[in-house]
Amino acid sequence: MELLANLGLGFSTALTPGNLLYCLAGVFLGTLIGVLPGLGPTATIAMLLPITFTLPPISALIMLAGIYYGSQYGGSTTSILINVPGEAASVVTTLDGYQMARQGRAGVALATSAIASFFAGTVATLLLALFAPPLAEFALKFGPADYFSLMVLGLLASVVLAQGSLLHAIGMVVLGLLLGLVGTDVNSGAQRFTFGMPQLADGIGFVVVAMGMFGLAEIIRNLEREGDRTSAVTRITSLMPTKEDWKRMVGPILRGTAIGSALGILPGSGSILGSFAAYSIEKKVSKHSAEFGKGAIEGVAAPESANNAGAQTSFIPMLTLGIPSNPVMALMVGAMIIQGIQPGPSVMVEQPALFWGIIVSMWIGNLFLIILNLPMIGMWVRIVMVPYQHLFPAILVFCTIGVFSLKNTEFDIYFMALFGVLGYVFTKLDCEPAPMLLAFILGPMMEEYLRRALLLSRGDPMVFLRRPISATLLALGVLAIIAASIPSLYKKREEAFRGD
Amino acid sequence: MTSPIRNPKDFWTGIIYIVFGTAAIIIARDYGMGSALKMGPAYFPMVLSVMLILIGVASLVRSFIRPGSPISRYAFKGLLLVTASTVLFGLVVRGAGLVIALPLLVIISSYASHQFRWKYSLAMAAGLTVFCILIFLKGLGVPLPMLGSWFGR
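First to last, the sequence lines map onto chains D and P. Taking my numbering, the leading residue of the first sequence gets 1, the next gets one more, and so forth. Taking my numbering, the leading residue of the second sequence gets 501, the next gets one more, and so forth.
Incorrect hints may have been included.
With a straight-line cut-off of 16 Å between C-alpha atoms, the simulated EDC-like cross-links for lysine to aspartate or glutamate are [claimed, not checked]:
1. P:K577 - D:E224
2. D:K428 - D:E224
3. D:K284 - D:E224
4. P:K538 - D:E224
5. D:K287 - D:E224
6. P:K538 - D:D245
7. P:K538 - D:E448
Calculated directly from the structure, the hints in this document are not laboratory data. All values derive from a computational prediction rather than experimental measurement.
So that you can see chain P by itself, here it is in the shape it has in the complex (with noise of 0.2 Å):
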């Protein structure tokens, strides 16, 4: 325990407001700043940016001050497989379409648990991929395909 920063939360907080701050400062430099009297596009936002920022200074000030607790481990396997499933239902869905991305999201998400069983999830992949097909397409009309593009439809 070397690391001047005591608290490890304030830290990587007063960074991410940082740089939200100042991305939107750089971003929003073009818009156009108005007075108080006739508000441009860029006066709220910068506003906000510099308050962020400042805020964000403060909790790195004080990281290095006060201490405490230190973040508890990330699930990091649960981060990406849950995140990465859904991103691939999105890039296939029209594709391939539901028969085919449903049972992907179901069983990549649900191989992040500990208690991960090829039986359980492929039992579960069909039963949603069938429920979602009647609730959602047949019931509620939402415009996706059953099988998508990439099988010449």
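Next up, chain D with everything else stripped away, as it sits in the complex (with noise of 0.2 Å):
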């Protein structure tokens, strides 16, 4: 049993009182300051991303995937009391988590959500440990116009998913692409778009980025419509799910898990595309469909399972190929370079423990997200309760420190608020920022990937074609997009976002 070996070392890993330690304090952090109205994963991991640094790479790590749940979880709260979800994924969550708030069933609901995501993340940390090594097999067969072909599919599916017009999410990834170049040329030493500032070097910095466009722009929209906020609760009084709810929530978890873990795997979705499906085959299926949107406990459990179990397999392309598929995992790929460590299909062999290390640490991040946030549910409602006049300034000053602390320069806290303006702008006029915050971190690798294709190649374009991987690969991406420019399509995909 490869397998039961490989979760030893995993176990013998994480298990140490430092780094059970760290994933404590990890799902502790990201869950407060998930909790924090309009903060999702992404800004969450990217404000906490500097305390990470000074640790170990894998205690590092660990206490990421801790932020990475803590910070999920803390939406899902956000949703479900005050119908504020921090990011796509749990838009559904809304649905009927807020409902069942407004009936007095908060903490119903707020305890489905955790016991959902345990099942969830059980199972897909038992799928990443079965899948990872074949996988990161496979990848070993995938050359540089496969590795091209990939990105290319994984910033198509981002627009596919992203909210407004699709001209609008493939011009942003453009775009992203093209900020991602800033800095130096790594083939020829030249200085690109850096307008001769020495502090642009090394290129934006990506937290920079994610801060602005998802920390900055998030306050002032927030801002926007101050005072729409209104609380379904004041107090929650029942945790315990009766036994008619467990019934009625045992099939939607068993679904949900297994519709979350299978689109967590592609490339661009993340657990976004999970939580959708879950959603509305749910409401096909269920015998209770009159009750959506009205309350029902499978409209909390079956999403908030996919998300969870998505969130998990998000991790195989990551861990095994080193493309992140979602800013998220481009959080965490910038966090494994920073400790010196190349994400791809090495890992697993030339660092067993680390990698084993990881994919045990999220089961016990879940585990812990369960036994620290049922007993603190009560600190945590009080926290979303805090009106947002007061917390925002807050979540300002550790915007702003943050980013500083990366570098220790102010110069990123200047691009942090440009990115702040630049995000609000774009989403004013409906341009989603995830599509072009996964392409700005993707960009310098497509180019080095596109250039090595094309070297091999001696510049034949149609190297894509040939390669069956890549062609597949490319095939899939100009599907997706086809499918959903389709117009009875497109209006499923907006009606999809608008929540039904």
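Fit the two chains together into the complex; they arrive one by one in their own frames, and the hints show the way.
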């Protein structure tokens, strides 16, 4: 049983008292920041990333994984309690979660979310452990052209999943790729788009862009609709789901886990697609479909399990191929590179303790989530209830000092402000920032793989269609775009984003 | 409603994309194109810039054809105060130190809210300053001065 041996190695790495503490701290801090309205996992991780710099690699990644799950749960909490999803993936949770809260069942909704997340996390971690090794082996067959096409597929998928106009989203991707090229060209040493500023020689920091577009811009956007926020609850009375609730959530959790795990592997998707798909499928198959949108427990259980399963399995392409499939994974890749680890198929072979340690700590993170959050729900509720006018200056302070501490330069603060303005203007114009952020980190990688692929093919661009892996990936990407632009399906996409 | 622009969001997105694309081409024109076989530093940026301009043009053209919803009102007050306070923090933090830069950031930014009250804002500023000095300065060792160089340190 190689799997058991591997997991054993992982447990022995992750279960040191120090690492357990980091995991716990990560879950706690992640939830703490994640429950602040409007801060999703991307902004939360970006904000907390500097804390992990001084840790050894394995502890840093374990803590980051903890932060990720914590922030996701924090997002679910705000979705249920005040109808404010932290990110796209928890939008569906607001539909029934908030309604449950209005009926005085907020505690049950929060507990359901935690239970569904834990179950899905456990299953998806096992899947990850099972499928990562063969996938990493398969990844060794990937040539530069295949990597390039995989990134194209990832970006096209993120375009399809973006809200608003397809054309705008494609433009955001191209713009993101361009911005990613700012800095020194690794091949020629040429300074590109740096305007002679030495601070730009290493490029624009990814965290700077993320904090600007997801932290600052979100604050400005929230100030716009200040006062709209109505909280459904002031106090949590009962947490325990009733016997009837348990019976009703089993099926949705199982289906949600399966759907979320499968869709999470897709590049560009992460947990967004899974939670939407799980919700709409559940609505179709459920006996209680009339209750959906009016506080059906299935409407919380299904997307929450899919959400978490997808979050887990989206680690698969990152760990095996080194390609981030969403902004959160891009931050993880950034963190690994800072720690001196180049993510890719070799990590598993060269640093098995690290690889399996991360996988096991994901499960531990999920366990802590349920142990920590159920008893502490009261405290999270109180944080969520703090009026926004008191919260946002604090968020702004944390963003500002956090971004400064990355490289100890004020320059990054100014750039964060700039991207805050840009992010705000773009959302006003229905241009979603998520695809741009993903493209931003993929930009330099794509250029490098394009260069290598063309060098190997002696400048013949047909190489992308001749290699079977590459051709398949490109075909999938084109299919996704075509499917999204067919009018009838296009309407469905709009509906899905409007949450039915 | 006599404007020929039927979709202002498409229109302005198009303009932004075209401006960015054109600027990138102008800046990158001296970087060295190379060839497909041996890509120079300008190759990929040029390809992307042209794509961006084309997408921008498509969006611009579409804005005259397909109607769309108007752009909702900009929250200029929030936009201005939040970015200005952030930039100001960067400008004064080394000179004046956290003890002054942090309250400035908190008070100016919180003025963006409709529910701004001096009492709360000052309390927030004091609390956050103490908290940040304890956590970031003492705890995490972020190299920012409590009192800056303007005070003769």
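Going through the hints against the structure:
A distance of roughly 9 Å separates the Cα atoms of P:K577 and D:E224; the hinted pair therefore holds under the 16 Å criterion. Simply put, D:K428 and D:E224 have alpha-carbon atoms about 11 Å apart, close enough for the 16 Å limit, and the pair holds. Between D:K284 and D:E224, the direct Cα distance comes to roughly 36 Å. Violation of the 16 Å bound is thereby established for this hinted pair. In summary, the hint linking P:K538 to D:E224 is not supported, as the alpha carbons are separated by about 50 Å, beyond the 16 Å threshold.
About 40 Å separates the Cα atoms of D:K287 and D:E224, which puts this hinted pair outside 16 Å; it is violated. Between P:K538 and D:D245, the direct Cα distance comes to roughly 63 Å. Violation of the 16 Å bound is thereby established for this hinted pair. Between the alpha carbons of P:K538 and D:E448 the distance comes to roughly 11 Å, so the proposed pair stays at or under 16 Å and holds.
Checked against the numbered hints given earlier, this structure breaks hints 3, 4, 5, 6; the rest are met.
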